[in-house]
Every structure is written in structure tokens, then in C-alpha cells.
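J.: Chain by chain, the residues run as shown.
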Amino acid sequence: DTGVSQDPRHKITKRGQNVTFRCDPISEHNRLYWYRQTLGQGPEFLTYFQNEAQLEKSRLLSDRFSAERPKGSFSTLEIQRTEQGDSAMYLCASSLVAGSTDTQYFGPGTRLTVL
Amino acid sequence: QKEVEQNSGPLSVPEGAIASLNCTYSDRGSQSFFWYRQYSGKSPELIMSIYSNGDKEDGRFTAQLNKASQYVSLLIRDSQPSDSATYLCAVNGNTDKLIFGTGTRLQVFP
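Heads up: the sequence lines are chains D and H, in that order.
Using my numbering, you'd call the opening residue of the first sequence number 1 and step up by one each time.
Using my numbering, you'd call the opening residue of the second sequence number 116 and step up by one each time.
For the record, the hints were derived by calculation from the structure and aren't laboratory data.
Any given hint could turn out to be false.
Keeping only pairs whose Cα atoms sit at most 30 Å apart, straight-line, the calculated DSS-like set for lysine-lysine is [to be verified]:
| hint | chain 1 | residue 1 | chain 2 | residue 2 |
| --- | --- | --- | --- | --- |
| 1 | D | Lys71 | H | Lys157 |
| 2 | H | Lys117 | D | Lys57 |
| 3 | H | Lys157 | D | Lys14 |
| 4 | D | Lys71 | H | Lys182 |
| 5 | H | Lys182 | H | Lys117 |
| 6 | D | Lys14 | D | Lys57 |
| 7 | D | Lys71 | H | Lys171 |
| 8 | D | Lys57 | D | Lys11 |
| 9 | H | Lys171 | H | Lys157 |
| 10 | D | Lys71 | D | Lys11 |
| 11 | H | Lys157 | H | Lys117 |
| 12 | H | Lys171 | H | Lys182 |
| 13 | D | Lys11 | H | Lys171 |
| 14 | D | Lys57 | D | Lys71 |
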């Protein structure tokens, strides 16, 4: 069990550019979540997948954000036409749903800075 | 009213003391409750999960849940300077996503 991994760990981009982040979950986990965290706040839910199906997307997520998990393994989160307000830590978590429990384990995060 | 509320702190305790962290939530249908520890600049790390009323102990940590009062707490015994971090309360209700509080910053001084 190597844990959840995310790439890159840091990304600096200029406003208007597109960025893509990758998340590799714990190998046997069937659920993958994306959260965003800004300074002084708790993580905020963005979207999640069960296997390859995207089951929920936050109403806060604008159309500039898109996520995929094409083969039910790794996932990508793309932000198009980045804005300064997109600067945050983007966190990925995975879980193995077993009965009624769904314990989420977080990756190290990708810190995005939009200049 | 926020869905999950925590006192932002900082909560300062001396080394060796018991630190008590509290959290309230608004959704009575919530089923699962979690405490995560987050060091500055790092990602959340799971400390405890609790699903039923009462206490759950794991080493120096004890989670307490009272669904009637919509209250969950975390006790840290024999606090160490290495416990200094932000502690996030998270609740999983009728949906699968976690709703987080803003976290309580704990400072343990020697």
C-alpha cells in the first residue's frame, strides 16, 4: 500500500492558462474524491467517482473544471482558463466502500498558484 | 449556520495535558464522523473515525460521539509538541462526500 499519490505537487501558472492534475488512488480503492482547500478553511468537496462513473459534482464547480477517471484507476482534474481565485490546494482522496463505511485517505495535494 | 462548526483556536495546552477538541454538525442524518490532523502545508491525515454513540479509544486519542446533541469531540491525552497541528472534523451524512469544519489549531507548548 503506497498511499494516494498526486502529481505535480506544485504548479504555478499564469491567468488564462489550462492546468491538469493527476491522482493515483490506493490500488484496491473504488472511490476517488477531489477536494479544494484554501488557507484557513477546511477541504471543500468538488467531485467524486465510483470506479469510472462520476457520481456527484459540486454546484460550486464551474464549467471550467472537468474531471475524468477513464479506466477506474487514476483520475485527472483539469482547470481551463485559470483565474486567480483558483489558487488553492487541490486534494485527492480515495476509499474502499465496505458496507456502510467509507473512510477517505488523502494524497499529498497539488498546490496551485495562479499569477 | 455552517454544516460543521469548530472553534478555530488556537487551543494552547502544556505538554502532558489533555487537549479537548469539539465539533458540532447540523445534519441529523449524518452517519460517519472523522477527525483528521493537518500539519501546516501538508494534507489531512486520518486520526479517528466513529460511527456510533459513545467513546472510541485508539492510543492517546479518544473520539466521543453524541448524535442526540449533534456533537463529536476528540481528546488527546499526554499531549506532545508533535501534536501541534490543525485538527479537522469531518462528517459524512446522507451523501458520500465529507463536509469539513474549518479546523481547530492546537498548540502544545513544552
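J.: Would you mind marking each hint as holding or not holding in the structure?
T.: Here's how the hints hold up against the structure:
1. At roughly 28 Å between alpha-carbon atoms, Lys71(D) and Lys157(H) fall within 30 Å of each other, so this suggested pair holds.
2. Proximity of Lys117(H) to Lys57(D) is assessed by CA-CA distance (about 20 Å); at most 30 Å being required, the pair is judged to hold.
3. Only pairs whose Cα atoms come within 30 Å are accepted, and Lys157(H) paired with Lys14(D) is accepted, the gap being roughly 24 Å.
4. Using a Cα cut-off of 30 Å, the hinted pair Lys71(D) and Lys182(H) is violated, with the two alpha carbons roughly 39 Å apart.
5. Proximity of Lys182(H) to Lys117(H) is assessed by CA-CA distance (about 17 Å); at most 30 Å being required, the pair is judged to hold.
6. Under the criterion of a C-alpha separation no larger than 30 Å, the hint pairing Lys14(D) with Lys57(D) is consistent with the structure, at around 26 Å.
7. For the hint linking Lys71(D) to Lys171(H), the alpha-carbon distance of about 38 Å lies beyond 30 Å, and the restraint is violated.
8. Annotation: proposed proximity of Lys57(D) to Lys11(D) holds, straight-line Cα distance about 23 Å (limit 30 Å).
9. Annotation: proposed proximity of Lys171(H) to Lys157(H) holds, straight-line Cα distance about 26 Å (limit 30 Å).
10. Of the pairs offered as hints, the one joining Lys71(D) and Lys11(D) holds, with about 25 Å between alpha carbons and a cut-off of 30 Å not exceeded.
11. As the CA atoms of Lys157(H) and Lys117(H) are separated by approximately 24 Å, the hinted pair is consistent with the 30 Å bound.
12. As the CA atoms of Lys171(H) and Lys182(H) are separated by approximately 14 Å, the hinted pair is consistent with the 30 Å bound.
13. Simply put, Lys11(D) and Lys171(H) have alpha-carbon atoms about 40 Å apart, too far for the 30 Å limit, and the pair is violated.
14. Distance check on the hinted pair: Lys57(D) and Lys71(D) sit about 19 Å apart at the alpha-carbon level, within 30 Å; holds.
The structure shown violates the earlier hints numbered 4, 7, 13.
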